[in-house]
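Trainee: The listed protein sequences correspond, in order, to chains A and H.
As numbered in this note's numbering, the first sequence has no gaps in its residue numbers, which increase by one up to the final residue, 123.
As numbered in this note's numbering, the second sequence has no gaps in its residue numbers, which increase by one up to the final residue, 372.
Treat the hints with care, since some could be wrong.
What the hints assert, rightly or not - Listed below are the simulated DSSO-like cross-link pairs for lysine-lysine, each with C-alpha atoms no more than 30 Å apart in a straight line: (1) K88(A) - K89(H); (2) K35(H) - K88(A); (3) K34(A) - K35(H); (4) K293(H) - K41(A); (5) K293(H) - K34(A); (6) K41(A) - K35(H); (7) K34(A) - K89(H).
Stated by the list, open to error - Simulated restraints on C-beta separations: (8) Y83(H) - Q68(A): 17 to 25 Å; (9) A347(H) - A91(A): 46 to 54 Å; (10) Q236(H) - L16(A): 45 to 53 Å.
Keep in mind that the hints were calculated from the coordinates and are not lab data.
What you are looking at is a predicted structure, and each value in this text was computed from that prediction instead of being measured.
Here a beta-carbon is modelled for each residue, glycine too, at the ideal position from N, C-alpha and C.
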Amino acid sequence: MSIDPLSYLPLTEPTFYILLSLAPGRKHGYAILKDVKDLSRERVNLSTSTLYTAVGRLLDQDLIERLDDDDEDPSPGLPRKSYALSELGRRVLEAEAVRLQGMVREARLRLREDEA
Amino acid sequence: MRGLYSLLLYLFPKAYWDEYGDELQAVFNLSLDDAIRAGRFQVIRVILRELVSLPKAVVLEYLRERRKAKMDKGSASYFDFAYGSWKEFLTALLPFFLTGGVMPLLKYLGTRFASGMVGSAIVLALFGLFLVLFLVGVKMRMPRWSLPYLGFLFAMLSVYLLSAFFGAPIYLFFRDFRDQSLLFIDILWGGIFWYGLLTAMVVLVVMSRVSPIFQRFKNDWTLPCFVLYGAVPFALWLTFDEYVGDEPYTLLAFLVLGGGAWFYLRSQGEWKRFGSLFVALTLAISIAAAGKAILIPGQDWPFTIDRGLVISEVKHTIIMWGWFAAGMLLPVAARFLPRSDRSSHTIVAEG
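Put together the whole structure using the sequences plus the hints.
Mentor: Right, dumping it as structure tokens:
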């Protein structure tokens with residue numbers, strides 16, 4: 008049975024950025040943390056525990072996958088697990104991007120009308 | 022600070038700590054390393070952020086764990102029947118009594134209302150229910166009550182899917198003998214629907230001897246017999262297809278099958294359990310054969326109905342019994358094969 012990605016929307020800002028951070032490929036927890044901060048221009052600055060609470064929820068929802076690190080000689084101090092966007096997660100992210108795009112388009116049109 | 026954070030992580034639920042503790046610590050350490058490089062102010066900021074957010078995360082994880090436990094309990098324990106309880110009996114007997122009840126109902130609907138849609142809906146609902154109970158059984162690692170559902174599924178796959186696979190070579194090799202009245206040809210043709218089922222039985226018996234996952238089937242060799250027994254309702258369903266007036270024989274045959282399953286579930290000794298299945302199988306198919314012999318002369322079929330047809334139909338029903346009996350005897354035969362040492366080690370390892 009196919010799950011409707013729209014049923015997950017709207018995403019919260021941290022969730023959106025976490026999924027967006029994983030869009031190019033798998034990442035460790037710390038890389039996600041830094042990427043979310045960069046992507047949001049420091050607006051979303053997650054703590055470690057908040058990140059992992061969100062990660063746990065996204066795993067439960069099958070939006071991301073937890074993977075064993077296949078690097079035989081991982082860098083010291085780095086977590087041995089990484090996370091990747093699932094197929095469903097990608098569809099949800101795309102659906103959210105379309106939703107946000109639509110909102111922005113409508114807002115621009117209305118604001119332009121007001122200016123005119 | 023790293024040590025304090027490590028201690029604070031113990032506040033999380035144990036399972037969560039086991040799973041994510043190392044990761045949380047590693048990410049915190051890396052954040053702190055970065056903050057140290059950025060200056061004292063950044064270190065204070067990181068520590069405050071972590072300390073403020075941690076209690077909320079701990080509470081959320083406890084709630085999540087509780088929610089998960091509730092969900093697991095809700096779906097699994099509902100079917101976690103005690104061995105020998107009436108719920109276990111009822112669920113195991115359902116395929117026999119429900120199929121036995123639905124067949125006459127379908128005939129009634131078909132003849133009185135010619136209602137194809139309603140009939141199809143009933144059949145779909147019945148098979149759907151069996152499928153759901155089978156899947157629940159799989160999730161619960163196939164407890165005793167779920168085995169007849171596995172047999173029913175094997176029978177359906179054997180008839181609708183595997184009969185073509187097994188039938189093709191038999192047809193190619195023996196088509197020239199098809200019209201000759203040779204018993205072994207009749208036996209071969211009569212088994213076409215059931216070769217898949219027998220193959221599944223062979224796999225079950227072999228796997229029970231070599232794989233620890235199937236160890237339970239070896240410890241109680243009657244369990245594969247019970248799987249096969251679950252296929253009999255489907256066989257009876259097929260055997261009375263196209264017949265009119267078979268309801269009393271169908272009901273009686275299914276009553277006997279249900280009785281056999283009931284004796285199986287409540288008997289202690291393995292031979293008693295096997296005996297109840299084998300006797301009930303034989304009785305139920307005998308009733309079907311007798312019913313056919315009585316019913317055929319009165320059927321309104323578009324071809325000649327003579328004594329030869331009666332003999333042929335009864336013979337094919339007996340042949341079907343033969344294939345089922347052979348399948349049921351497979352675990353008995355396997356029991357007399359020499360036991361491998363590996364199995365005893367496996368039992369110890371599993372224990």
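Trainee: Take the hints in turn and mark each one as holding or not.
Mentor: Now the hints, each set against the structure:
A hinted pair counts as satisfied when its Cα atoms are at most 30 Å apart, and K88(A) with K89(H) qualifies at roughly 23 Å. For a cut-off of 30 Å, the pair hint linking K35(H) to K88(A) stands: about 19 Å separates their Cα positions. For the given pair, K34(A) sits about 25 Å from K35(H) by alpha-carbon distance, which is consistent with the 30 Å threshold. The suggested pairing of K293(H) with K41(A) is violated, with an alpha-carbon distance near 68 Å, which exceeds 30 Å.
Between K293(H) and K34(A) the CA atoms are separated by roughly 60 Å; this puts the pair beyond 30 Å, and the hint is violated. With a CA separation close to 28 Å, the supplied pair K41(A) and K35(H) stays within the 30 Å bound. Of the pairs offered as hints, the one joining K34(A) and K89(H) holds, with about 26 Å between alpha carbons and a cut-off of 30 Å not exceeded. For Y83(H) and Q68(A), the Cβ-Cβ distance of about 19 Å falls inside the hinted range of 17 to 25 Å, so the restraint holds.
Here the CB-CB span from A347(H) to A91(A) is close to 51 Å, well matched to the stated 46 to 54 Å. Restraint check, Q236(H) to L16(A): a C-beta distance of roughly 48 Å satisfies the suggested window 45 to 53 Å.
The structure fails hints 4, 5 (numbered hints given earlier, in ascending order).
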